[in-house]
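S.K.: Start from the sequences and build out the full structure, keeping to the hints where you can.
What follows is each chain in one-letter form.
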Amino acid sequence: MSETTSLLLPLIPAIPLMAAAFVSLAEADETGRRIAFLCGTIPALGLAGVLMGRLIQSPGPAIVTAWRGFFYADLLACLFLVCTYSLVTAVGAYSFAYMWREYEKGIVSEQGLCNYYSLLLVFCAFMTWTVTISHLFFVFLVVEIATIAISFLVATEKTKFALIASFKYNLLVVVAMLFAVMGAILIFARMSVDYPSLTRINLLEMGKLAVLVPAPMALIVVGCFTCAFGTKGGMMPFHSWLPDAHSEAPAPISALLSGLVIAIGPFLFARTVTFFSPHYSAVAVFAAGIACVSIVLGILLSIVQDDLKRLLAYSSISQIGYIFAGISLGTYLGLYGGFFHVVTHMLAKSLLFLCAGAVIYRVGIRKISDLGGLARRMPITAFCFFLGALSMGGMPFLAGFMSKYTIILALAQVKMWWAMSIAIIAGVLTLAGLIWAANRVFWSEESPKVAALEPRSLEIPLPMLIPMVIIAALTVFFGIFPQTLYPALDGAARSVLAMLSS
Amino acid sequence: MNFQGALTISILTLAAIVFAVFAVEARSLVRSMYWYIVHSCCLIVIYCVYAVVVDNPYLFIWAGLCVVNTWILPFLKGGLKYTAKRIPPEKASLPLGRWVLITVAICSAISIGALSRFQLVVRGNPIEQLSGFVSVNLFGAVMLFAYGIIVLVTRRHLFKLAIGLLVMTAGAHLTLVQVAPHFFTMVEIEILTKVMGTVFAMLYAVRLLAERYQTTDAEELLRPGPSGGANE
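Protein chains in written order, with the working numbering: chain F, 26 to 527; chain S, 455 to 686.
Hints listed in this document are in silico derivations from the structure and should not be mistaken for laboratory results.
Treat the hints with caution; some may be incorrect.
What the hints assert, rightly or not - Here are the simulated lysine to aspartate or glutamate pairs, EDC-like style, with alpha carbons at most 20 Å apart: (1) F/K183 x S/D509; (2) F/K185 x S/E674; (3) F/K185 x S/E673; (4) F/K183 x S/E479; (5) F/K183 x S/E674; (6) F/K183 x S/E673; (7) F/K185 x S/E665.
To be verified - So these bits of chain S aren't anywhere near chain F, every CB distance computed over 10 Å: (8) F457; (9) G459; (10) A469; (11) V472; (12) F476; (13) V492; (14) A505; (15) A517; (16) T524; (17) G532; (18) K535; (19) Y536; (20) A672.
Even for Gly, the Cβ is constructed at its ideal location relative to N, Cα and C.
M.R.: Below, the structure is given as structure tokens:
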């Protein structure tokens, strides 16, 4: 794997951090805050894109490092960086109108708005470090800090259930990370026998370390990591924080949680547990088994929900199962499909949550049974929701189809027929469940509560619509031209495999 | 590691477990905080003893960083004491939970004692059995970690959940010291940041909940009422 150094890596998180400091300390008005927010995300997105372009152009698997290898970025890290900054920019732009409305209603104070944007930017910075730091214990540290930032964002509205959801999220993720620390300690203890001078666990060397860990200990380590990253990713049975946090957070934060925050789990899983799969066949079966439980139970629980955001939250549990199932295999196709589904799920689920936010923004109701007939009043939102639902359900010519199809092929390749069957059946159920919800909310007969609303057109303001329409367009684009993502996804999968073979 | 050092660590680990039980079981929240400080002091002494017996001065830094647990976390504004004085105390805890906790505490104490006795008496010269001592201490550290999990599972008071988390963190930290006492990693900073950031964030939520709903009992808070609900 070729290695070059670049100062871009430490620079990327510095931009949102500076913007966060400005938003917190400069006492700027709302316009100033919005400009500072965009100045904190768009240039960082540009730099991440430049880095990604440079790595794609490299002839083989390549890596960029900085500060003597403390920071690193391969194509997988760059993929997450680009996803992070693009989604946060979209969510931030959507929040301008959404959060201002919350402010006008007295739900959020002016200081609350300030905190909201600065915490979003802080989250970006720590998310960047999560995917670019090579020192395993420091990765856990930055994950914690990103978790704290997100937990405050979940509690933005300070309602009882939002506060409890925030507390629960913090508690469970910290406990999960303690399990990750215990797993790392076990590796560390074993390595200290062979390498007395070892002072840290380098993620880039996990492939090498995984071979040296004896079988019984490897299974305990995998168990600890699966528990930790499964909790972070919201995989069953470690999911209990997810429905509460998703449903109680403001809609833009729900989009961020579902699209990005839970994707950290699979990312860390790919950086650690995947390296054990080729050496211990039980690891792949164990992880795929848990992933399948998540896929099935997630969608079954999703179908019975009457709260629109909870329905989407449980659907996320199911979808994260697909990602874990692909990544846990440790094969090229599995990794490719898993990373592909990270991107498509981010697009579709954030779109669905933003549409749910649009409904809450205009109608103020989340109960599906109280909604109906909104398509005539919110046609663009309805269309976007429908697209998101179809994509998540795996409809051909939409982004979700290709990623799910790749994961199913990967499961077939390793002859896990049971997992493949479960993935196919759950895919059909997902499509049915989400289309039912879309139909109930937007196309069925107008409910009395909706009929009582004035004016006739309830479409959301343009600044909120633009991010939704862009994400919807990307969902269609990547569905029709999935090959546009090929260089990045291929590079990401190959970089993990290169570390594995090292 | 010499015999006296290993024995001292065994006794201190046992003390840390006992004080952790006191911190969780105390009805008064302020008293609970003080027991937690005593528990943290045991950890500080353990790190210092380790630093001396394994000749690793970095462990003194770890011990020094534990000032976060004994001073900053309890006494800083927004910390344990500040919160303990502003939230309602714990009501009678579940009998089952209490019994589970006491049983675990007694079992861990007996196990450590029995294993130590086994090492000291049955196998002859104890100085030749120091690796056995290390495993006894490791067992104690894992027990502390397990006790933290049990607290998180059985308690409903949010303040006690935070204490449980701290105990669990201490268990993880102690385990690392037991399995690799010669090494210096930055895990201490990771754990301390976790303690500082997460616990302060959690205590903030607890205070807000207590201020608005006059309870910090998870079950009471989750009970449907006029103030709560999905569409609140």
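S.K.: Hint by hint, say whether it matches the structure.
M.R.: Tested hints:
1. Distance check on the hinted pair: F/K183 and S/D509 sit about 50 Å apart at the alpha-carbon level, beyond 20 Å; violated.
2. Pair hint F/K185 plus S/E674 holds up; C-alpha atoms about 11 Å apart against a cutoff of 20 Å.
3. Restraint check for F/K185 and S/E673: the C-alpha separation of about 13 Å stays at or below 20 Å, so the hint holds.
4. Distance hint between F/K183 and S/E479 is unfulfilled; the C-alpha atoms sit about 30 Å from each other, more than 20 Å.
5. Pair hint F/K183 plus S/E674 holds up; C-alpha atoms about 18 Å apart against a cutoff of 20 Å.
6. Using a Cα cut-off of 20 Å, the hinted pair F/K183 and S/E673 holds, with the two alpha carbons roughly 19 Å apart.
7. A distance of roughly 11 Å separates the Cα atoms of F/K185 and S/E665; the hinted pair therefore holds under the 20 Å criterion.
8. Non-interface status of S/F457 relative to chain F is upheld: no Cβ of that chain comes within 10 Å, the nearest being about 22 Å off.
9. Every CB of chain F lies more than 10 Å from the CB of S/G459, the least distance being 19 Å, so the non-interface label holds.
10. With a cut of 10 Å on Cβ distances, S/A469 stays outside the contact zone with chain F, its closest approach being about 22 Å.
11. A cut-off of 10 Å between C-beta atoms confirms that S/V472 is not in contact with chain F; the least separation is 21 Å.
12. Every beta carbon of chain F lies more than 10 Å from that of S/F476, the smallest distance being close to 22 Å; the non-interface claim holds.
13. Distance to chain F confirms S/V492 as a non-interface residue, since its nearest Cβ pair spans about 22 Å, more than 10 Å.
14. The claim that S/A505 is not at the interface with chain F holds, since no C-beta of that chain comes within 10 Å of its own (minimum 17 Å).
15. Interface exclusion of S/A517 from chain F stands, the closest Cβ pair being 18 Å apart, more than 10 Å.
16. At roughly 20 Å from the closest C-beta of chain F, the C-beta of S/T524 stays outside 10 Å, upholding its exclusion from the interface.
17. A cut-off of 10 Å between C-beta atoms confirms that S/G532 is not in contact with chain F; the least separation is 14 Å.
18. No Cβ of chain F comes within 10 Å of the Cβ of S/K535; the nearest lies about 19 Å off, and the non-interface call holds.
19. For S/Y536, the shortest C-beta to C-beta distance to chain F comes to about 17 Å, beyond the 10 Å cut-off, and the non-interface label holds.
20. Listed as outside the interface, S/A672 is inconsistent with that label: its C-beta sits roughly 7 Å from the nearest C-beta of chain F, within the 10 Å cut-off.
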